[in-house]
Amino acid sequence: MATDYIVGIDLGTTNSLVAFMQGETPVVIPGEDGLNLVPSVVALDAANHPIIGNSARNFLIETPERAVYSIKRLMGRGIEDIQEELKFFPFRIAEDLQPGEVLRIKLGDKTSTPPEISALILRQLKRNAERYFGAAVTKAVITVPAYFNDAQRQATKDAGRIAGLEVLRLVNEPTAASLAYGLDKKQNGIVAVYDLGGGTFDVSILKLHDGIFEVIATNGDTHLGGDDIDNLLITIALDDIRGDLGVDLRKNAEAVQAIRQAVIDAKIALSSQNSVKLDIELPGGKRYQREITREQYEQLIQPILDRTVGPCKQALKDAGLKPEQIDEVVLVGGSTRIPKVRALVKELFQREPHTGLNPDEVVALGAAVQANILGGGSEATQNMLLLDVTPLSLGIEVAGGVTDKIILRNSTIPASATQFYTTQIDGQANVAIHVLQGERELAKDCRSLARFDLKGIPPMAAGIPRVEVKFLIDANGILSVSAREQRSGKEAEIQVQPSYGLTDEQVESMILDSFDNAEEDFRRRQVIEARNEAETIIAALEKGRMSPAWGVLTSEEKKQIAKMEKSLNAVKAEDDYQAIRKAIDALNQGTTRLAELMMDTAVSSALKGKNMNETDLGEGPTAPHPVAKAEFE
Amino acid sequence: MTNSPTATIHEKGAALSCWSCAAPFGEGQSASFCAACGKVQPAAQVDYFAFFGLPRKLNLDVKPLEKNFYELSRKLHPDLSARASAQEQEWSLQQSSLLNDAYRTLKDPIKRTQYLLHLEGVELEEQSKSATEQARASGEMKKQIVPPDLLEEVFELNMQLEELRMQKKMGEDDPALIEEVGNQKLAFETKNEALLEELQGQWKAWDKLIDEGAEANPSERSQAITKMVDVLNRRNYIRNLLRDVTAVMES
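Protein chains in written order, with our numbering: chain A, 1 to 633; chain B, 1001 to 1251.
Next comes chain A alone, as it looks inside the complex (with noise of 0.2 Å):
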């Protein structure tokens, strides 16, 4: 059997990374720049071709209406979610986006969707595999935030899937993370993982048992984290230099990703340094600059870093545990670098946290592991079994708009429940289904997940159809729902209408866009290569014509030469590779004669006395036919 590779990915909100088991270690598979870390930063170039990484960095500073980051943010959301977002994101909605429709996010004159720009920085990771590799990656397991609702799974599946990966499994970030942990510990205990990373903040509490991590409970926050440090000190310095300089940049985009850039600078050195200089060149030649302490910087962050101990202590109070009964606490993410938030953790479970594995990469690494658990296991995860949970409630809306939760948070999947539903008036054919998320009480105030609409239900009186309704969510953290009526056994059928996500039928189309593009690519290849080809016979036949053998050929020859010459001369200008082979193919025709003729000059010459090397075999028509080497499919 063929060894198929399973790769790791952490598609994370500022950084990704992809990693595989190398026997029983897992390892990042550094890009082609020799970096493990590729910036979730997407462009696009002036011919339109997507710029993914370091490379794509540029970009938000020189051209950034042309690129795009922290697009995690946006996945699995509708427009009305996302309107703080937009206050401190560069996010340029698409303006005919259509009440209902999926968002769509303007990059230079294309418009497309969060799944599809997630899709590319997943199709950078696997080209980062394949060269690795040298062969094909198809299958991965993805990272999401344990906080993710089952809209943001399904659009991170979805853009597995438009990168033409078989996403096998998703697996919770700190969950990867205690999986990378575990590998070399293998021990017993309460764990509690701490993960704050670029937009989203998770905590888990996990119970280790011989090599089964079970999730006892999970809380979190989607929109929080590194990035929203960043948006303060934005705002503060652009605040600053309109007070001092008087002049508004907020509406300046190069001026604010270059603030951005060096706030981020600032934050880093913040966490070694006691302060910091800002100093940045304005438009107009004007500088700003600033000096922060750490002292103020921690004051200044505080309330943000805060957002994070209600959850921690929701966790605590959902597992049943004090926090003297956790055994270890596990940081990760780059946010938790910041000293603040490790006294902070350190403050919240009563105990030094672990910082042995690199916060920004563990993720990844426990992707990796995953995935070979699902490859069948090696001796290093032979026994490691991941229990996961469900982060949010699952209801059904009922009369009054209220909640009806059906599956509660931190129940261990997959996991199911099952509805009998039943008609209300004479005949009635359907039942319309409203399915939620969330834990408040009220429909309204919950996340909508799809309207299921049971269809064909046989005609009965009011109240005598008894259908039975199963939701399932899978170890993905999805929902699946099947219906039967029970009293004529009868399938029936369900119509789903995701409220924040895309069809199967537009992430199909999305698959073929996106192989279309690589068809594209590879026509554009065709054409190259065959233009270099066409090169260098042209080439060859100049210095054919310097050459005795030219003289022995008859004028007709001659003529046919180079009426072919210009033929190949003519659409090697047009894009059609075929019609370039084509051509080239006929002179190469052509000039056999002419070839064998120089040929046998050549073998003239050798036998005057001269060696082959001296008749300049090595280029031109002196070699052995130039065409000869090519070979056409």
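Be aware that a few hints might be false.
Below, in silico cross-link-like pairs of lysine-lysine (DSBU-like), each with a Cα-Cα straight-line distance of 30 Å or less [to be verified]:
hint	chain 1	residue 1	chain 2	residue 2
1	B	K1063	A	K313
2	A	K405	B	K1063
3	A	K470	B	K1057
4	A	K470	B	K1185
5	A	K405	B	K1185
6	B	K1111	A	K444
7	A	K322	B	K1191
8	A	K317	B	K1111
9	A	K207	B	K1067
10	A	K313	B	K1107
11	B	K1107	A	K317
Between beta-carbon pairs, the in silico distance windows are [what the hints assert, rightly or not]:
hint	chain 1	residue 1	chain 2	residue 2	range
12	B	C1037	A	R487	34 to 42 Å
13	A	R487	B	L1117	20 to 28 Å
14	B	L1117	A	H209	26 to 34 Å
15	B	P1148	A	I425	39 to 47 Å
16	B	L1124	A	K455	26 to 34 Å
17	B	L1119	A	S509	42 to 50 Å
Just a few of them, taken from the derived set where beta-carbon distance is under 7 Å, the chain B residues facing chain A [said to hold, decoys possible]:
hint	residue
18	L1065
19	N1068
20	Y1070
21	D1079
22	A1082
23	A1084
24	S1085
25	S1096
26	N1100
27	D1101
28	R1104
Simulated from the structure, these hints should not be mistaken for lab results. For every residue, glycine included, the Cβ atom is placed at its ideal position computed from N, Cα and C.
Here the structure of chain A is known, so what remains is to put chain B in place on it, guided by the hints.
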């Protein structure tokens, strides 16, 4: 790997032998997976007790249940069938969700009791749901029947709660009242714990009846059920009351 999934099915829907290696299943054995070849089997219609091979008794030691849960997870979890056929993956999904649902229900004393009552034909939730819907239809507040022995205390607590609510609205703060409500809350929490103990006493009576045989003492059985329903209803009432108290105090 290419075995077509055929299985001998008896009238209850449970297979008598493994679809893959044809090894026969023993009588009364939980056949979520085949003991001979380890393959996950199609999910049968079994109740949560039967899934774990347990009698319908309420005094349940959670430790061995947890051990059993872990062992079965190692057989049934979808991670283990990630490379198997689509059909096997589907069975694994069904079986492990059944396992998780069963474990979640049985490990919790209240959920376990409610589930047993459901198996015995009592629908506590349905009762409460239809009461809620009726109340909504008539536009009235849902009336919960106050357990008679709690009447006096509940009345007093509700009065105080109303006062506290008013004060909070006015932005006033009466530490004495808050303390009084807090004490009442504590008293009800203690009552709830006592109710759990009372319930555990009833488990013993129920389990004894189970030991005596399936159809023994039908009248005692229905008495035991009635008692448990009563305790659960009272407990439920107090729980809702406590939730209201917490809501007001934290508002």
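Hints versus structure:
Restraint check: the Cα-Cα separation between B/K1063 and A/K313 comes to about 27 Å, which is no more than 30 Å; the hinted pair holds. A distance of roughly 28 Å separates the Cα atoms of A/K405 and B/K1063; the hinted pair therefore holds under the 30 Å criterion. Between A/K470 and B/K1057, the direct Cα distance comes to roughly 27 Å. Compliance with the 30 Å bound is thereby established for this hinted pair. Distance restraint check for A/K470 and B/K1185: the Cα-Cα separation of roughly 38 Å exceeds the 30 Å cut-off, and the hinted pair is therefore not satisfied.
For a cut-off of 30 Å, the pair hint linking A/K405 to B/K1185 stands: about 26 Å separates their Cα positions. Between B/K1111 and A/K444, the direct Cα distance comes to roughly 28 Å. Compliance with the 30 Å bound is thereby established for this hinted pair. Proposed proximity of A/K322 and B/K1191 is supported: the alpha carbons are some 24 Å apart, at most 30 Å. A C-alpha spacing of about 19 Å is found between A/K317 and B/K1111, which places the hinted pair at or below 30 Å, so the restraint holds.
Restraint check for A/K207 and B/K1067: the C-alpha separation of about 13 Å stays at or below 30 Å, so the hint holds. Of the pairs offered as hints, the one joining A/K313 and B/K1107 holds, with about 24 Å between alpha carbons and a cut-off of 30 Å not exceeded. Restraint check for B/K1107 and A/K317: satisfied, since their Cα atoms lie roughly 18 Å apart, inside the 30 Å limit. Restraint check, B/C1037 to A/R487: a C-beta distance of roughly 38 Å satisfies the suggested window 34 to 42 Å.
Hint check: A/R487 to B/L1117, Cβ distance near 25 Å, so the stated range 20 to 28 Å holds. Remark: the range hint 26 to 34 Å for B/L1117 to A/H209 is upheld by a beta-carbon distance near 31 Å. The hinted range of 39 to 47 Å is satisfied by B/P1148 and A/I425, whose Cβ atoms lie roughly 40 Å apart. Separation of B/L1124 from A/K455 is about 32 Å and conforms to the stated range, judged on CB atoms against 26 to 34 Å.
Range check, B/L1119 to A/S509: about 48 Å between beta-carbon atoms, so the 42 to 50 Å window is met. The closest approach between the C-beta of B/L1065 and any C-beta of chain A is roughly 14 Å, which is over the 7 Å cut-off, so the hint fails. Taking 7 Å as the C-beta cut-off, the interface hint given for B/N1068 is violated, the closest approach to chain A being about 13 Å. Proximity of B/Y1070 to chain A holds as hinted, the smallest CB-CB distance being about 6 Å (cut-off 7 Å).
Because the beta carbon of B/D1079 sits about 6 Å from the nearest beta carbon in chain A, less than 7 Å, this interface hint is met. For B/A1082, the suggested interface contact is upheld, since its CB lies about 4 Å from the closest CB of chain A, less than 7 Å. The interface hint given for B/A1084 is broken, as the beta carbon of that residue sits about 11 Å from the closest beta carbon of chain A, more than 7 Å. Because the beta carbon of B/S1085 sits about 15 Å from the nearest beta carbon in chain A, more than 7 Å, this interface hint is broken.
Using the Cβ-Cβ criterion of 7 Å, the hint placing B/S1096 at the interface with chain A is satisfied: the shortest such distance is roughly 5 Å. Interface restraint check for B/N1100: the shortest CB-CB distance to chain A comes to about 4 Å, inside 7 Å, so the restraint holds. With 7 Å as the threshold, the beta carbon of B/D1101 comes within range of chain A, its nearest partner Cβ sitting at about 6 Å, so the hint holds. Because the smallest distance between the Cβ of B/R1104 and any Cβ of chain A comes to about 6 Å, under 7 Å, the interface hint for this residue holds.
When each numbered hint is compared with the structure, violations occur for hints 4, 18, 19, 23 and 24.
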